[in-house]
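**Q** The residues making up each chain are set out below.
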Amino acid sequence: MSYLPYTDGERAGLLAALGLSTPGALFEDIPAAARAGGIDGLPGPMDECALAAHLTELAGQNDPAATPFLGAGVYDHYIPAALAGLVSRSEFATAYTPYQPEISQGTLTGIFEFQSHITRLTGLDVANASQYDGASACAEALFMAVGQTRKHRALVSRGVHPEVRRTLRTYARFRGVELAETDTDPQGQSLTGLSEALTDDTAAVIVQNPNFFGVLEPMTAIAALAKAGGAAAVAVCDPLSLAVLKPPGACGFDIAAGECQPLGLPPSFGGPHAGYLATKESYLRRMPGRIAGQTTDAQGRRAFVLTLQAREQHIRRDKAVSNICSNQALCALTATVYLSLMGPKGLVKAAALSAIHMDDLRRTLVSQYGFTQVFDAPFFRECVLRPPEGAVCDWGYDLSADYPELAGARLLCCTEKDGAERRGRILSAWEANR
Amino acid sequence: MSKVIYEHGRPGRGTDYLPEVEVDLAALLGVDNLRGAPPPLPEVGENEVVRHYTNLSRLNYGVDTGFYPLGSCTMKYNPKIGEAAACLPGFAGLHPYARPEHAQGALRVLYDMEAHLSRICGMAAFSLQPAAGAHGELTGLMMISAWHESRGDTARRVMLIPDSAHGTNPASAVMAGFTTRQIPSDSRGLVDLEALKGALGPEVAGLMLTNPNTLGLFERDILEIARLTHEAGGLLYYDGANLNAILGHTSPGAMGFDVVHVNLHKTFATPHGGGGPGSGPVGVTEALAPFLPVPRVVSTAEGLRLETDRPLSIGRVRSFYGNFGVILRAYAYILRLGGRGLTEAAEAAVLHANYVRAKLRGVYDIPYDRVCMHECVFSAARQKEHGASAADIAKGLIDRGFHPPTMYFPLTVREALMVEPTETETPETLDAFIETMTELAALAERDPDALKAAPLSAPVGRPDEAQAARKPVLTFKE
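So the protein sequences, as listed, match chains A and B. Using our numbering, read the first sequence as starting at 1 and increasing by one per residue. Using our numbering, read the second sequence as starting at 435 and increasing by one per residue.
Excised from the complex, chain A in its bound form (with noise of 0.2 Å):
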């Protein structure tokens, strides 16, 4: 079973036209000691009609809904019934990268438009096509950090995503970064922890802002640090967030990274999702990736063109600044397209929404629940809580494994989904069964 478009006799003729009965001839090439004959051991083929109902089959061994109040980098945000239709039009979903911009104007138009909200929500310079995901778009800032200040330390703060601290590690590991782990101060932050490790050679600062803890971080005060010390600053910050909060660029910030995924991704078991990288203009040369620029044609019309190539692998090979090729450029349209659906005011709303809901439940947890609340500072729309003693409470993510400081104690997040009647209802199962 396959998708080759003709019959036996057509495919015939094709070979005769090379003098062929088989396709054999055609891969005498390969020696004779390293030929296989076929693929052994794999499952099918299947029509269509019986993979359906196995793919189907599969994805009722999942339960998404089992496990309330999970956030931890991933978020389950309302998306727009409009969203999916226009993303996954076949002239996007099958094109390829837009090596040919005269019949690529969509993709690159939406790239053009992704960089745009992209500067807009964090108050930076430029910003390019997209990276794999949050994680690899920290790793790309801390080598651009690296290249920018020529030295080669860096401080990362343990507010700073778990799974984004390991990708950072390797990265670092084989470029010959040294990286340094910062703890963060009782209230769940992060400015002493670095300002004690901050030195001269120090080529990078990072954090996270609302940081792993749903904690709003000192953020101009933190810029201002890395600044002193002549290090770059960057900051890893949720998209979604920066509908409210104080944009890094407006902080003092070099350089922002992060996740897209809150901007109508699914959470699709942790992707594809899509990075994204924005900076101030003297770091644009270092800047990994594709970037969409505007330029015209010969007649004068406004086109857009993937530009200052001269950065990337394609061109410069061993000289390039990093080895990406692809973006993840559907699901930097997706984003895109979400921002342009929700506008100002919609993001605004899905922000203050979720701080809301969550902030309401921390205050009934805290009251009639006996939670108690570990960090005091503000926080955005995750918050740890840690449960009555000899209560079993599996919300939201448990931090034992990453801090074995905060054993027992729950990361729980709330977006604008979680309004009280559906909170009213998870609480009422728990007291059930408690």
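Honestly, the hints are just simulated from the structure, not real lab data. Note that this is a predicted model, so its numbers are computed, not measured. Note that the Cβ used here is the ideal one computed from N, Cα and C, for glycine as well.
Simulated pairs of lysine-lysine, BS3-like, Cα-Cα distance not exceeding 27 Å: (1) B/Lys911 / A/Lys280; (2) B/Lys793 / B/Lys818; (3) B/Lys437 / B/Lys911; (4) A/Lys345 / B/Lys437; (5) A/Lys345 / A/Lys417; (6) A/Lys319 / A/Lys280; (7) B/Lys905 / A/Lys280; (8) A/Lys345 / B/Lys911; (9) B/Lys886 / B/Lys818; (10) B/Lys905 / B/Lys437; (11) A/Lys227 / A/Lys151; (12) A/Lys227 / A/Lys280; (13) B/Lys905 / A/Lys319; (14) A/Lys319 / A/Lys151; (15) A/Lys319 / B/Lys631; (16) B/Lys886 / B/Lys793; (17) B/Lys886 / B/Lys905; (18) A/Lys151 / A/Lys280.
Covered stretches of chain B (in silico footprint by chain A; criterion: 3 or more residues with CB under 8 Å from a CB of chain A, positions within the stretch not fixed): (19) 453 to 459; (20) 471 to 479; (21) 556 to 567; (22) 672 to 682.
Some chain A residues well away from chain B (every beta-carbon gap over 10 Å; in silico): (23) Arg150; (24) Lys151; (25) His152; (26) Glu181; (27) Leu191; (28) Thr192; (29) Gly193; (30) Ala228; (31) Gly252; (32) Tyr369; (33) Val392; (34) Pro404; (35) Ala407; (36) Arg423.
Using the hints provided, position chain B relative to the given structure of chain A.
**A** The following block gives chain B in isolation, referenced to the frame of chain A:
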């Protein structure tokens, strides 16, 4: 001229998707933490947004629009069952931190997909974590570095790379901490064995190879190349960009490769999305399996689960477990075709490339004119002498309804036009392309200037790329 979204809408417009909210954000979040005003995003109603992006999509050309013989990119048809699978709520809605007992279906897809790719590639184990081909290269090269290091062989800092290689190869090598040394091609368009022998040594960590190579030619000396590299203490890396050509006829494992990445968005028919998301799983031999990124999917008495405690692992290369939605589409494709279907797909891909090569021989130069695999590299050098370049031919194709081949790659061929027809095209489409390429060659000879203005029928003409780079305009300004 089409608009950008910022040129639509008016202040105050927009569609409500969420309830009204009354909140004192300054009290809740702290006034110093807030931005002064909402972000300056466009304010556009839903109808206008929908029309804008629908119309933008019509400015694009995709596999579903027409023939897309873009060499090295394997623009084959993308079966829609994969899209349907990825949209199932049990997959699309599943949080990556769902507990294993709530994610057995998704873990099953990952576990089985690792096994399927291992069988297809003749490798011992796979990780599905890398997000794209270049990301897979980086991951594989980190593993090679870690493997040498684990043996105390820390002097191996050089990666050998053929001159015909994809640009990602040298760039990935540098990112993994290596320096690169280029291996020239010989008169056959294959790795120059004498040059390879001269380049191998105690400082060499490995050799990166694409086979078939970027000329579409099978490296016939592959077993000798593997022997030489291994005897010199190096490892052999397989860039799987061209895997589509050899499915079922040989495998990276059978050829002696130690590490391989595959591009699910090429060989396994997942949509390219205008440049992503892709997926670049990495496979390895038994000896390198302990170095694969974490987490690994393991089978236990209690079902499938994720394991992170692997002391030799290079660690994470991204968040979570890879581009799951892409992996799921490729999983559906493999099940749909089975081993026999994949083998037939490779045969048809190779047949189609050779058919186009045979029909265009004499029309365009073929620098290495012998049986090719899934793609064939032509040269427009002859047309260039008349004044029409490879780019002019390519733009002429746009006016005639085709997506152009890859231009000016590999770098070892002048005026290169790299044609990869793929297996999913009908004979009529191949013949129409051949006829058009033949007409364009004739036009290039007769009236090359006629091609200089092409394309005339596209939404825009050739953009001024120099202007774009000289005065970058990278965001919308009111």
